[in-house]
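Chemist: So the chains spell out like this:
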Amino acid sequence: MSPGSAIAPVTCLGCGCGCDDLTIRVSDGRIAEVAPPCPLARAWFGDGTVPTMVLRAGRPVPLEAALAEAAGLLGAARGRALVLLAPDISTQAYQAALTLADVLRATVDTATSEPAAAGLLAAQRRGRAAATLGEVRNRADVLLFWAVDPAPGYPRYLSRYALEPVGTHVPGGRAGRTVISVAIGADRGPAGADLALALAPEEEIAALSVMRAVALGNTLGELPAPLVPVAQAAARLVKARYAVVVHDAEPGAEPMRDPYRAEGLIALAQALNGPTRAALSSLRAGGNRSGAEAVLTWQTGYPMAVTYRQGFPQYVPASRGLAWAVAGGAAAVLVVGAAASLGAGLNDAAGRTPVVVVGPRASEAPFPARVAIDTGVAGIHEGGTAYRMDDVPLPLRPPLSGARSAAETLAALLAAVRSRGGQA
Amino acid sequence: MSAPDRLRITGGTVYDPANGVDGETRDVCIEGGRIVERLPAGVPTLDAKGMVVMPGGVDIHAHFASSSCNHARRLAPDEHAADPAPAPALSDGAGPPRSGTGGTVPSTFTTGYRYAGLGYTTAFDAAVAPLTARHSHSELDDTPCVDGGFFVLMGNDEYLLRQIEAGERDRARDYAAWLLRATAAYAIKIVNPGGVEAWKTGQRNVTGLDDPIGGRAVTPRAILETLADAANALRLPHPVHIHCNNLGVAGNYTTTLASMETLAGRRAHFTHLQFHCYGGGGGQPWSSAAAPVIEYVNAHPEVSSDVGQVMFGPAMTITADAPVEYLLHKSSGRRWTNIDIELETGCGIVPLTYKDKAAVSALQWAVGLELFLLSADPWRVVLSTDHPNGGSFLSYPALIQLLMDRSVRDEQLKRVNPKLLAGSALADGLAREYTLGEIAIITRAGPARLLGLAHKGHLGAGADADVTIYSRDPDLAKMFSTPRYVIKAGAVIVEEGQLRRAPAGRRLHVAPGYDDAVLRDLRRHFDRYSTVSFENYPVRDVPGEPLAIG
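In the order they appear, the protein sequences are chains A and B.
As numbered in our numbering, residues 1 to 424 make up the first sequence, in order.
As numbered in our numbering, residues 1001 to 1550 make up the second sequence, in order.
Among these hints, one or two may not hold up.
Here are the computed distance ranges between Cβ atoms for each label pair [to be verified]:
no., chain 1, residue 1, chain 2, residue 2, range
1, B, P1086, A, A206, 41 to 49 Å
2, A, P259, B, T1201, 32 to 40 Å
3, B, G1283, A, T219, 27 to 35 Å
Stretches of chain B that chain A covers, calculated by requiring three or more beta carbons in the stretch to come under 8 Å of a beta carbon on chain A [said to hold, decoys possible]:
no., stretch
4, 1132-1140
5, 1194-1202
6, 1486-1500
It should be emphasised that the hints constitute simulated quantities derived from the structure, not laboratory data.
Beta carbons: idealized from backbone N, C-alpha and C, even for Gly.
In isolation and in its complexed conformation, chain B is listed as follows (with noise of 0.2 Å):
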């Protein structure tokens, strides 16, 4: 099939839960890469009958264009040369298609192929340093069949931090928004607030919302507060993004809790929650905390999350969390890769691999779940798996089975390590099956809703013609794996299950607008601290305009 201006896919069961569309079977029309609501007669169809139609995929919070990542490869030689990824067969594309290597962080091209061999046709990378934004974009440029952009880093800013202890918290929202459009980022992203600075300090971390942060008149929560409220008051299409203090350490669930509660009435997401909801410790076991944080989350419109799901099998954790990654290498013996990167934040990358038969494995994998089922809002709850680090994207349809079916859960659980379930609510037997409606949700509508993006995740008229169409199976998760269609901005890039086309993906960010009176104290600070002049930082020549702000 080639790829015509105008498509008609007809009698497929369509899931489009932001048009409260579930489970009709109608038609989708698609012209000039758009949704329209008809076409005149006559033009050309695609059989969809049978079949389950949904919009594309949306990835809210992965790793896989970073300099972070490109570390993390180096780091994986012996995953690359046990998954090698030879180029597609492609009809056409924007270059040759490309061969390439895979693992838990594949090489660029292969993302993008294997991103649109899920149905995904939208990823974000969650955390990129501004000082390497650069390499991002560059690494974009060569992740085709993905729209994608990334969140910049700020959380631990050596500017930020001088102005929020000056109590310039207006320069503060200035910089955000400069530093936005000086790397060309779609969102504000925290990582451990004042943790990271804290590491490269004898302080080494921080534990509580309230630590002074190396000796400053700065605290976790004042970071939280500042970010969040300019986020905000920049009217982002995404809220502040979120990886609260304590990542991973038993009874960090009081943690997240209160982070969320310093920012109640304010939109805000906090991401990968599955990391940040255990009990224990205080000489007390690891235990599951998925339940009070989720009853916080049901009950605060204004918070969103993703879950950040375990998945049994090789991982890669990469974070800018450098301290976590430290302890994680001290824990597990495994190989070690840490990058301090200077005024702006850190990097940490370790190996690891989730074991159905150990203890503490098995309780992220059921805390994740829980957070799932004990979901009230599915809008507000999505799908991740923070890729690579709790597994990979390509295991989403794994865990979209696990969600759907009691019975392939309560067969894996009675496989996992059982020594910390003790109360866990997965344990005690969830029943709840998420349905192809919810999963819609948690994949793509919720996301993109979350996102702010007008145009992804639904099937309306105006949106992007961003289409995954499934042959229905009642293994599901080989029905999630294998999509027998995918359309992207009306071409159809996927055919019979064969990837065919591989589109330029199209860069989404944002540029809100500042008080140039922050420019002048902020030269001022690169001059004395910075490597790179003022002039050289922010990057040029990215594809596409930013989006609309409002």
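Excised from the complex, chain A in its bound form (with noise of 0.2 Å):
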């Protein structure tokens, strides 16, 4: 490494791995190396800089300027107010960021991807068997990846948790492990499987069907050609000790693969309790989405999608809220966390729609924003905790200081919209 102040251990939130064994070398105040070398850390971190702006219609301007405009804004817009909770900000800040909801009679949502809605809502019919990653990393001795391939969304999840570790009842590493490989169309898991089935996308709910079925004991009829050997995968799933299935529930932009997808891994894995014991590993993105998740729910006790319009918190996962936004509902909007997230999905509304961010290089937001208030990024600039994509909550030591604290910006935000009487 080179020369420098070196940070350690240090949590990374690149993605939902959530790995809290970095060292960040610092140097003139910079981010000048990152061990070890993952892409995505080495992406997250950059070189710690990011913009300190206050802007106003564009324009510098002091801070209670800013928060002035946006208090005004806001509560002007109250019980149509929209709050979207973006990523890289600590769990604290969402704390802040629902209390100003809660006050504004707003409708809050997440960065939610629309397949790890679709698991969170399937989890809510039928609830899940889960574990922790150091479960996946010490017990399982049978692993399925269905349709995808760690490796490049999340890079350590193979080495650090699911299979090259040695663990508590896997001593032999990787060797102590049999891994299936499932790909669907295009969608393929990891190289060097030991067992490796292809199927075509219109035969994944059989497939996912027959594999219940085979865990839950019943006879099967005659199966078609392609589900023979899906059956035969299932029955070495069975003789697991510690069987995990490994999916993505946010594969990218893409439009979801199959709906009933998420459904059907949760009723497998719950179905491999009866013979064995079975746990389902949810690949989920960074930045504290997991957090966001987590504090509505002890909060309003819903995940995502909800409204305070009425005066309390009401479910509406059918309604998110970026597309009510631009669908012309909400008559302000304030992002809270990194607006590049959201893309440019806000263009359309922001025309028509005043939009209010605070979170990490808001000034360079991909919309038109009124009030645009740069902080740090949690974990790199800004203290609190952040949660892994198994909701396990790890704290944050970032290596650089100095950025604006997104938490203290929202508490000062939500005194400014008190202080107008902004609350009932």
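Put the two chains together into one complex, using the hints given.
Modeler: This is the structure:
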């Protein structure tokens, strides 16, 4: 490593793995090196520089003026405001944002992707059988990768959690694990699987049904040829000591492959707990998205898509927040967190609806904002906690300082709103 | 009424059993958030003439602020939708008043408000996985009005099991102390010792105290002994808090008695005893075995318990006893969540409804009441519903009514399914009716004493000024569900039955000492098997100082 001060162990939010064993070398106030050299960690930390602008209608203003403008816009939209919980901020910042949303009787939503939302809803209907990542590491002797190779999107999932490490009950590491890979169309599993299957997309749900039937011990009739190896793979899962089914709950920006996939996988993992032990490992994106869902749940009872319009939380999962804003329902929008994660999604709304952004790189939002207040990034400039994909909370040990705190800025915005009578 | 620094509560009928006060008309004086002997004339007064004055309620065992609770909340959107909780109209508070939702597992702010509205000012979450302690502290940050903390799960901990297997009981004790500190917890909790680890293996559960766990030379008995001794050696304010093996299984009372006998002579708290007092099994029908268990408790002053009463209606079963939840899922067909938590414990959740026409539910209801009514020492057999497992904490007033009024109890008994009540002491007729003084013991003075909270549960000089004032009402359930005034740390937070203030609660935790030699070995264990760095594991910045130990 190059000279400079080293900070360790640092938690990375580059993906949902939440690896907390990083060493960050800081030199001249910038991040110079990230170890181990994970590509997503490198991209997440960058050199640590973030803009520090405070803008009103695109022009620099003092913070107090921006807060006053934002408070005025949001207060005037009470009952019709939208608060979007974007990624890259701490759990504590989300707590502050929800206080604001409650006071404003706003509608709140997260950056939870549509595939992940489908999984959350399925889990509400059925429950789920899951495990923290350490159980995957310590116990999994048979792993089924369902249409996902974690390597590109979750680079250390295999090396740190699922495949290679020695575990309490898997002393041989990789040699003690059997890997089954199921490709669905172009979505392939990891290389080097012990058993690899390939299915057409239209065969997916039938395959999941067959696997569940095997797990339940049901008698199968004659199967179509493509499903015969599926039943054999299921039989291998049933013989596992501890089976783990891995899937990508957030497969990029592409449309959801099949809305029933999540439910089928949840049902399979549950059924496997009859003959053996099993867990579903749902790969989730980073930036503390799971933290946003956790805070929403403990404060409202619901993990996403909540409206305070009637003076208390109501669940509106069929009407996601961003779509509501784009459709013209919102009178003002507050984006809390990294606006870039929303892409240009607010472009149409921002033309007719005032948008306030408080978060990392707010001044570079890909849509016009009436107020933009740059803050630091959780875990790079700001402490607190963040959640891993398995809902394990981790401390943040920011290697840099000096950037504006998102949590404190939101608290100041709340004070400004309340001082203007934004509270009932 | 504002929040004066000094306040005299005048003319109330005071029940303060810790100080031998049983229904005396006397003043209660408050200054600086504490009870004081006297105040000068002219201080603000609160007229409680004709009312009942007790210390604030203390909930020794509930599930309301944990990662498991949050998983349970997700499982119950229907309950939340049916029980909206608008923000209360507060005159002041630590922040703006917050709305939320109820159901069996309410959202955090609503939980705090509802506890306060019930006259409870202290509550402990009874089961927190160490790995998720950080989460519990965040939930407690958002749970106003109650002082609180949590018990941390150790009975299936990988490192602990290794120390027991190696005969390193001193190191096990040091580890327990380190874990209490690292998580800023209040007490040691054991759930189904060894059974959760067995659940994660092909063994799936243990059934006897001497069953080897996962093929190791470790048994539930050794876990009980090791952790009970650790809690006592560390002079923790609350002894080891035990959820026995075989919860909810017919015939399990023998396991419960064996667990108590194993720890004979040691301080130990056996929780939600009702779920562990069933006869039958082995081809025999379920029956009540409350009598032999409560006889043992009555005769052994080192043993304490909370009842875990079942109340008819909706419940949410949330427990680290994951194998039990799997069986409940299979038998009920209800939704089921299971989370295996690395190196430490598990979590199972199944929503449930206790029906008076269901034979097992009726038996459970009767067993709980028998434990209360056959208890010889209310200081050691205190009230809980194992919220929300046996019913919501909001059902405490209805439970108090059942204990205080035999006619209400008998009426309900007529309506329940009698199939499994043959031989039940309750069915045979138990005339006892709890007095107000005894209610004050099982809901505040007793739990506070069992928790080692010297400043809670009484109204003597120096106590925290947590006071609940009830208007008398012949309808006891109504009386206890709507206190007229609730005072928290000297501030009147409920006035005329309405929540007016919502101060932040105080965090209750301990920080026992340990031999640093454990750290080197522990770090090796973390480096090899944990997915969280050793340095990142302990929680930081927990509000408030730990309680003094000793």
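Chemist: State the violated hints by number, sorted upward, taking the hints as numbered earlier in the document.
Modeler: 6
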